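Protein chains: 2
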Amino acid sequence: MVIKMSYEIEKAKAQQACDILKEQDIDAWLVWVRETSQMADPVLDLIFGGDLTWQSALIFTEDEKIAIVGNFDEAGVKAKGIYDTVIPYTAGIREELVKQLSRKDPKRIAINYSVDDVAADGLSVGMHMLLQEYLKNTPFATRFMSAENHIQKLRGRKTAEEVSRIRRAIEITEEIYEKVRKFVKVGLSEMEIYNFFHKCMKEYEVSSAWDVDHCPAVDAGPYKQFGHAGPIDNETKQGHLLHFDFGVKHKAYCSDIQRMLFFGDEKDIPAEVQDAFETVRDGIQAAADWIRPGAVGYEVDNIARDFVKAAGYEEYQHALGHQLGRLAHDGGTLLGPKWERYGDSPMGVVEVGNVFTLEFYVTTEHYGQVSLEEDILITRQGCEFLSKPQKDLICIK
Amino acid sequence: MVIKMSYEIEKAKAQQACDILKEQDIDAWLVWVRETSQMADPVLDLIFGGDLTWQSALIFTEDEKIAIVGNFDEAGVKAKGIYDTVIPYTAGIREELVKQLSRKDPKRIAINYSVDDVAADGLSVGMHMLLQEYLKNTPFATRFMSAENHIQKLRGRKTAEEVSRIRRAIEITEEIYEKVRKFVKVGLSEMEIYNFFHKCMKEYEVSSAWDVDHCPAVDAGPYKQFGHAGPIDNETKQGHLLHFDFGVKHKAYCSDIQRMLFFGDEKDIPAEVQDAFETVRDGIQAAADWIRPGAVGYEVDNIARDFVKAAGYEEYQHALGHQLGRLAHDGGTLLGPKWERYGDSPMGVVEVGNVFTLEFYVTTEHYGQVSLEEDILITRQGCEFLSKPQKDLICIK
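In the order they appear, the protein sequences are chains A and B.
Quick note on my numbering: the first sequence kicks off at 4 and runs consecutively.
Quick note on my numbering: the second sequence kicks off at 4 and runs consecutively.
Keep in mind that the hints were calculated from the coordinates and are not lab data.
Quick caveat, the model's predicted, so the values are computed rather than measured.
Among the hints, erroneous ones may be present.
If chains are identical, the list can't say which one is meant, so a pair holds when it fits in one copy or spans any two.
Below, a list of computed lysine-lysine pairs in the DSS-like style, where the Cα atoms sit at most 27 Å apart [as the list claims (entries may be wrong)]:
1) 83 x 227
2) 254 x 68
3) 139 x 270
4) 202 x 83
5) 254 x 202
6) 270 x 25
7) 102 x 341
8) 139 x 341
9) 81 x 227
10) 185 x 240
Whole structure, please, built from the sequences with the hints as guidance.
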């Protein structure tokens with residue numbers, strides 16, 4: 004069963020990794036890892052699918068994919084059928100590493116470090132020291148560069164199969180949201196609602212798209228700040244809002260959607276709540292209308308941020324959107340402000356095939372925060388909504 | 004449910020982290036991470052339990068545990084009750100990081116990098132660059148050292164609760180082995196047996212201690228090299244051996260045990276198989292009799308390796324034993340030979356409270372490999388077997 008897994012996505016991504024090299028003026032991409040069951044380079048899932056035990060080198064050049072792995076891993080790596088050349092070793096990897104690099108003689112070798120993007124920063128300090136040690140007295144020691152751009156293109160440009168898996172994750176999320184809508188009522192605790200979500204997730208055989216402690220986030224009433232705190236005993240009340248931030252992982256790909264509910268009739272929605280809701284909904288739509296291939300991350304964030312400020316609200320304290328894929332936060336270009344903690348990621352360019360979230364909150368005076376989140380796919384013309392955008396507050400009567 | 008998790012183990016380990024500092028002549032231990040749902044420093048589970056989103060600093064000094072975290076993580080971190088001081092930030096962590104370091108003014112600051120031990124090598128190259136950048140023009144930039152020894156002591160010295168969880172994981176493993184013994188018969192494929200293990204694991208609500216592809220490893224007959232290849236369609240046959248390498252993770256702690264079965268009567272066991280089995284069994288016992296606090300890793304490996312060679316077999320191509328804990332390969336001192344790929348880890352010293360595996364194989368001429376693995380706890384006097392050592396080949400009639 005497990006051994007017969009297909010590695011079609013990994014094969015396609017590994018080939019994409021070779022194809023993108025030329026574009027980035029890179030001669031070889033080196034993924035340099037060990038004991039990945041304990042700490043895995045985030046790119047490994049993308050172009051390998053599984054774990055490597057001893058020190059291992061995956062080398063991608065324009066015309067060849069090479070894996071140098073411990074002898075116990077050889078059979079498993081060959082069976083995947085992703086790599087053209089699989090070379091086992093027993094006592095130490097150094098000799099084969101130098102030999103294979105010498106054979107390809109790459110002038111520019113990209114390795115996985117990045118100050119700004121965790122998804123491109125899979126190389127540990129110790130493994131980097133080891134690489135320098137193994138390659139000292141060879142010409143390769145001075146040929147390294149960051150693979151950040153390369154990995155961002157690779158992760159960001161979803162293949163058709165990747166998009167199809169994300170669509171399914173989103174579909175499941177929306178189906179669960181519909182079940183939750185029928186389930187919720189006044190007087191339930193956040194914890195009871197959280198547990199219902201998890202019951203549904205079990206039925207669909209999906210896992211949390213992020214830390215299970217706060218997936219879904221369930222925020223009832225005016226006093227709870229949205230964010231990364233989990234559900235508590237706080238109860239839903241008539242006339243109050245209820246907020247969810249929820250995503251599932253299905254066949255390794257994620258969704259990430261926020262929804263807002265109101266306990267009462269449409270006619271009872273307070274004006275300030277309605278105004279806040281429309282501001283968030285329309286701010287997201289404004290960003291979606293504007294986004295297109297070639298747009299720079301911070302420019303897209305600015306559209307929504309300016310919209311919010313123009314509407315008289317305080318600006319949201321996070322980025323407008325992040326990429327979505329194998330990870331809920333999939334790295335690469337961020338639709339965010341140029342703040343210190345976001346580094347260069349808001350300077351990245353939006354590309355066809357990217358999947359982004361669009362999300363933000365505003366704060367009302369008496370009813371707490373109002374927040375929504377949609378998922379979009381970048382197309383040649385602009386974008387397509389993958390989630391069905393929430394148009395009105397969902398009223399629970 | 005989830006939010007009410009108890010963090011007693013993490014609290015005890017965090018306190019232990021403070022207590023060990025003095026012994027190592029370290030003034031502060033800095034765990035410096037971000038977006039840990041995507042790539043987590045392996046120590047984080049030990050002293051935090053959960054994920055951190057933005058750049059975060061966990062600082063341990065002799066008298067204080069400080070967490071500087073993104074504002075959305077603040078409530079969750081406070082709720083754990085592990086950290087004395089929890090400081091949130093919004094735009095950037097730099098200011099608070101410098102402020103807190105200045106307040107404690109540590110002269111020697113340990114950070115998580117290690118050439119030889121993946122479990123102590125959780126700092127990424129990009130995060131290291133960022134740390135250097137944030138601390139340039141402060142005295143702290145030049146005060147860093149490796150936390151390798153610190154982390155190895157911390158991981159290696161199991162608390163009573165940790166040992167108790169490992170015992171339970173081992174107990175479950177042995178119960179499943181007993182069910183498997185009753186299930187196996189001639190003519191089953193490795194895959195069918197693998198699936199039965201997983202059925203049992205589901206009943207016990209445990210997960211694989213390592214990559215599910217080869218946990219358990221199921222190796223039937225003389226032609227399959229033991230190692231990291233998964234089960235295949237290969238079938239069990241009368242007069243053949245069957246080998247398992249299996250471990251479970253229960254409440255975050257692992258077991259790791261190998262067992263050998265023979266299809267036939269005791270009297271039909273071929274002499275060369277019996278001799279191989281006794282060599283492995285007695286080699287493990289010899290190492291267990293010899294091991295004690297203060298022993299050096301490679302010395303213990305030598306005991307078994309010499310035993311095997313004296314018995315006329317080729318030596319095993321791996322280490323005699325690794326530590327066991329939250330990870331099946333828990334890092335720290337390795338009971339292994341001084342080979343390049345093991346780096347310094349066989350030079351480490353065995354300590355009270357360490358949990359090790361003892362495992363090796365020998366190769367017979369006609370029946371393939373014979374391999375066993377037991378789990379032991381280091382005591383003041385020597386060691387205690389946590390698994391019930393296999394004394395005889397398990398005969399399936």
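Evaluated hints:
1. 83 x 227: between (48 Å within a copy, 18 Å between copies)
2. 254 x 68: within (25 Å within a copy, 39 Å between copies)
3. 139 x 270: For residue 139 and residue 270, neither the intra-copy (73 Å) nor the inter-copy (58 Å) Cα distance is at most 27 Å.
4. 202 x 83: Classified as between: cross-chain Cα gap 25 Å, same-chain 34 Å, threshold 27 Å.
5. 254 x 202: both (18 Å within a copy, 21 Å between copies)
6. 270 x 25: So residue 270 and residue 25 fail the 27 Å test inside a copy (59 Å) and across (65 Å) alike.
7. 102 x 341: between (44 Å within a copy, 23 Å between copies)
8. 139 x 341: between (38 Å within a copy, 22 Å between copies)
9. 81 x 227: between (52 Å within a copy, 15 Å between copies)
10. 185 x 240: Within one copy only: 16 Å inside, 56 Å across.
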